[in-house]
Each structure stands twice: as structure tokens, then as C-alpha cells.
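Asks: Chains as they are written, first to last, in the numbering used here: chain R, 1 to 349; chain Y, 1 to 349.
Among the hints, erroneous ones may be present.
All copies of an identical chain are treated as equivalent in the list; a pair is satisfied when it fits inside any one copy or across any two copies.
As the list claims (entries may be wrong) - With a straight-line cut-off of 25 Å between C-alpha atoms, the simulated SDA-like cross-links for lysine to any residue are:
1. Lys54 <-> His184
2. Lys76 <-> Leu23
3. Lys51 <-> Leu270
4. Lys258 <-> Leu319
5. Lys76 <-> Thr52
Calculated from the structure, these hints are not laboratory results.
There are 2 protein chains.
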Amino acid sequence: MLMPDGVAAISRLDDLETPRLLLDADRLERNCARMRERCRALGVALRPHLKTAKSLDVARVAIGGEPLGITVSTLKEAEHFARNGHRDILCAAGVVPAKFAHAARIQRETGCDLVLVTDARDIAEAAAAFAMDNTISLSFLIEIDCGEHRSGQLPDAPAVLDIARVIDASPHLRLRGVMAHAGHSYGADEPSAVVAIAAAERDAAVGAAARIRAAGLPCEIVSIGSTPTVLFADHLEGVTEVRAGIYMVWDLAQLSRKVCREDEIAVSVLSSVIGHTRHARTLILDAGALALSKDIGANRLLPGSGYGYLCDARTLARLGRLAVNGVHQEHGTVSVDGKRGDLAHCLED
Amino acid sequence: MLMPDGVAAISRLDDLETPRLLLDADRLERNCARMRERCRALGVALRPHLKTAKSLDVARVAIGGEPLGITVSTLKEAEHFARNGHRDILCAAGVVPAKFAHAARIQRETGCDLVLVTDARDIAEAAAAFAMDNTISLSFLIEIDCGEHRSGQLPDAPAVLDIARVIDASPHLRLRGVMAHAGHSYGADEPSAVVAIAAAERDAAVGAAARIRAAGLPCEIVSIGSTPTVLFADHLEGVTEVRAGIYMVWDLAQLSRKVCREDEIAVSVLSSVIGHTRHARTLILDAGALALSKDIGANRLLPGSGYGYLCDARTLARLGRLAVNGVHQEHGTVSVDGKRGDLAHCLED
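Whenever a hint applies, use it, and build me the whole structure from the sequences.
Replies: Written out as C-alpha cells, the structure is:
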């Protein structure tokens, strides 16, 4: 189904130039179907987050033929998806005035319903002035801090209503609702902790929405999200939509918290062994910091996972306990600890 | 001089959409001129490494009108520079047989003199077979391990001569010489240690070249490199060329080892403050893990440098002791420690 760039079949794996990202289309389909099913059961709309995949093909699978809006993190991503047919896009990172013109251009040129986010009254005031000067319309969610303390107003802060009133008072702005993001769910490794964080995320968003409505202001969207909280929430009453993205492909960090299984991870990096440095007992791969990233977040709960596990290119089965232990820009280093099982897999190919 | 993408003058800084990489053209020019001067003084050719900049504009500045070859890390980079006029390109990471066809295509379609690298006899044998089957020519350096123990053969290993003989025996392969890379110089923080590593890098490359020549085989290129070793070497007798790249723009990791000065760093990331989360005493930036990377290598010697220092966008002067302390994909978090000087700079704009 996903056959970009001339990749016709897995039988050609040996011919692919490396390093190269491999996406397992079957796993992707299953992961996406499962999340849509979960959201149906919860009675909320799914607004898939495309900041990870950044791909039209993946967006199509995530949406699965349903009339779903999408989430992105930047206006560049928003523009890409808007120019390719997406009509309902939430750009879920706080906007600043220097980006208003770009947002307006995306809406004007694509007809997309683009929803922006802020947690600041001065941004709302600047948006009202910009929209009036340029006779355009901008839509906003107000960001609520549900405990991560990254951004957002606390749900009971007076500023929530201040910002809501500034937006609602402008004939050029539309107050669409609120959003919360429990990013701290990624730091929890106990299901019970995630359940509690999911409840706090829901209560913060629903509570702020209730305050806005009680003040006579509109609040049609109540948006929460993070893959773990959506999966672990006991209910999502009052929430209208969830934003989640990593569930599409999963990763070792989610595996480390048992939010996914190893055989659900849909993305891997095909790499070549470009050196067997026997005197240093290392294998050298052509996948380094740029191919694998320097993200080692999984190691807290999965010590030794390094920059990624080594897997068989065809079966994706783990190669002993081998992992990429070090990265340079284009080189990955694998320490071979001398155990016969590991050596047999890797120093003989 | 460098005016890509409509950036006409620094007076438009406020209009630039963020996050955005800023390259200080004057600093780049000075850094490049200084390295060319250093290499002239050492009596070696400079082969600038373009894996960091990946830019034709930067390559032009690095070369400075001299007839210099360049270094790259991947065949993608090699192809980009070859298709844009570069004629002497060393691809300084071990090649594998699945990449021979790409290397051959680059040479055939651009006329570029592309030099590949290996440290393995079986790669040399595969190259000989491929080149014979396809009636093309491939050029090689043999990689020598000078103490980093990442890749390469030890300079006195029998394999060095084995590989040299396999290459020299093929009418389709050209043995061009040897290369060593003292990547472990980046781990040294004492000038005296770097001087010693530079000597080891030089001696390994020159020693291996002497063995190859003593066996009656050609070895025209003796290539070493890493910015610190080139700058700290007491002499480079017997070396023909040096590969270095980070000197063009510098970074906090090099600053932490005092290899450069703060006012020589030519690259920064222009970012917007998208949130003032006063209840958590944090500033939120729109430069996160993708804009800044997750590289925190500078923190070993510069504790508190985080993912980068906060600087004034116009003067590049540091803003107190503020740094990006945490990153999410598109968000950077700055902890404000309550000191008045720091707050004054950043919570009032």
C-alpha cells in the first residue's frame, strides 16, 4: 500500500541504499485502526497528530476514510497538509504574531479551517488587531496547563476568561475552545499513574471549558491528548476530541512504559555494517545521529537500549542484546560484549 | 554575501518566521580564512568537510577561491556537491557494496573524482568485481585507526597491506592513499592531550603510508583530520591533506574545550518566546529538539549549557545564564531561576 520511492517489495531489501527508514505498512494499519476503535469506544473524535510522520500517505492511513481533522506542530506542516487536501487542521503549539501572516495565507490559499493556539492575552490582542487590519479571520483554542507545566494557563486562572473575552469580542477572531496536553504522561511508568494523569488532563480541559461557557462564551472544542492518556483514561466525558500521534508507529520509549508491544513498532532504520573493528570489539553501522537521532529517552526504563536495538532486517527479531551504543553524525557504534550468541549474529555476516 | 531565501538585511529579523537557523556570514568568512591560513602554515592541503553545512554557499566560502577538494560523509552529499560543480570529493565513511552503483553513477554523470574509503579486504574484493563487471573505475583510501577505535585498521596491521594489494591488483581500482580520523580529540579538554592525539593521528597515517610505499604500492594521499588536531598539531610532516569542518561555524562543544571563542560561533537558532509560564517560572520557545537537536555534549565541560545558551537576537550577547533546559519536538523550555538579572531580560519582552 505504501510504496514510495520505487520500493516494490521486501525482496529488494538488499538493494536499498542505507541508512533508510523502513515503515511496516501492516503494523501502521493495525495501530491506526486500533486507535480509531478506542476513540469510538470513548465517544470522542480522533484528531491524529502528524508531527511525527509528516507524511500524506501516513495521514491517509491514520484517518482511515473517516472525516477526521488532523493535528500538526508547525505552520510548515499545516501548509503541507492544507495544500494536499486536509481541511481541518489544528496547529497545536502557541502561535506568535510573526506567524499570523503565514496562517492567514494558508487559510486564504487553501480554504483550510486552521485552528491556532495561545495561552496569552497579548497574543490574542495582537491577533485581533492583525485580523482587523487584514480583514481576515483567525480561530483559536486556549491552552490549559493540566500539570505538565510546559505551557498553558492553569484551568482556574483568571487569564483563561480574560483571553476568552478578548477573542470573543473581536469580530475577526473565533473562540473555538480549549486544549490540554498531558506531556508528563510520558514520564510515568505505572499504569495507575497514567490513569491519574489522564483524569487530570480531562478535568483541566473540561473544567476550563465549563468556566468559559458559564461566562456565556462559546467553547465547542475540548481537546486533550497524548497517546498514553487516551489509551489509559477511564472515561473522557466532556471531551470532544483527542490528539495523539506516536501510536501510529510507536517507539522504544513507549515500549519502555509498556504502552505498546515490541511487535507493534512500525518504524525501523535499515542500516549496513560498514566496519568490523575486531581489535575494539565493535561493529560500525552507517546509521548515526542523523539517522537515529540522539534521543535516548527509552534508556531510563530500558537500560541498554542505547540509540536503538539491533534487529534482523527481514524479521525485525532482536539480535541478541545488541544495541547502538554510540553515535557520530553518520556512524553508529555497537559494542559486542563477547558473548558467543551476539558474536555469532553479527561478526560473521 | 549569503542571502538565501529572501533574507535581505538584519533589520528584518523581527519579520522572520521562527525557528530559523541564522548564519553569521562575517564570522564564517573569518573562520574559513583562518583555517586556510593555518593549513598553508602547516604545508598541507585543506579538504573542507561539508557534512555539517551541506551548503554550496558555505562550500564556496570554505574554499575561498583556492583549488580545494572537499570531504563529505554520504553519497547523497557527494552527489549534491558533484552535481553543482565540485570535482574532487572524498566520501569519508566506509563504503559497502550496495553503494558502489551510486558511486559509479555520480562519477559517470558528473565527471567528479570521487574517492571512497574502506578498512576491509572483502569490500575491496567486492569493489574489484563490481568495477570489472561494470567497466568502471573506483578510487580508494584505506582507513587507519589512530586511537579512536571507531573504524579503520591499526597502522601496523597486516590487513593494511592485504587491502592495498587487492586494490592495486585490480585494473579497475585506484589505490589513492590512507586516511585517519582522530575523533577522540573531541573528548580531550587539555591542549597537551590534543597535541598528543594530533601526533598519534599523524604518525598512524604517515606510518601506514610508509608501509604501503615500502611494499612498492602507490600512496599519494595521506589524509588526517578533526578540527582540534589540525589546530593543535605541532607539525604535519608527511601528511598531504587535512579534513576539518566544524571550524567553519563552531559550536558550544568546541567552545567548552576552548578550541574556539564565543564570538567566533557563526550559527545560532532564531526563536520566538511562545509562552511565559509564570506559575512554573519557565519561558517556552518555539525551538525544540528538531531545531536545536538533542545533542548535549557541551554540558560535560560547560555545565548548564543545556541545549544551547539564550542570546540576544541582534548582538548574540548571552542573556544572563539562561539556557534551553529541556526540549520537546517543537518546544524548548527555559527555567528562569528567579535572579532578577535573568528575569529582567526575559520575562518582560
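Asks: If a hint holds in the structure, say so; if it doesn't, say that too.
Replies: Status of the hints after comparison with the structure:
For the identical chains of this complex, lysine 54 and histidine 184 are intra-copy neighbours only, at 23 Å inside a copy versus 36 Å across copies, given an alpha-carbon limit of 25 Å. For the homomeric pair lysine 76 and leucine 23, the shortest alpha-carbon distances inside one copy (23 Å) and between copies (21 Å) are both at most 25 Å. In the homo-oligomer, the alpha carbons of lysine 51 and leucine 270 lie at most 25 Å apart both inside one protomer (22 Å) and across protomers (21 Å), since each shortest distance falls under that limit. Within a single copy, lysine 258 and leucine 319 get their C-alpha atoms as close as 21 Å, which meets the 25 Å cut-off; across copies the closest is 41 Å, which misses it.
Taking CA atoms no more than 25 Å apart as the test, lysine 76 paired with threonine 52 passes in both settings, with 13 Å inside one copy and 23 Å between copies.
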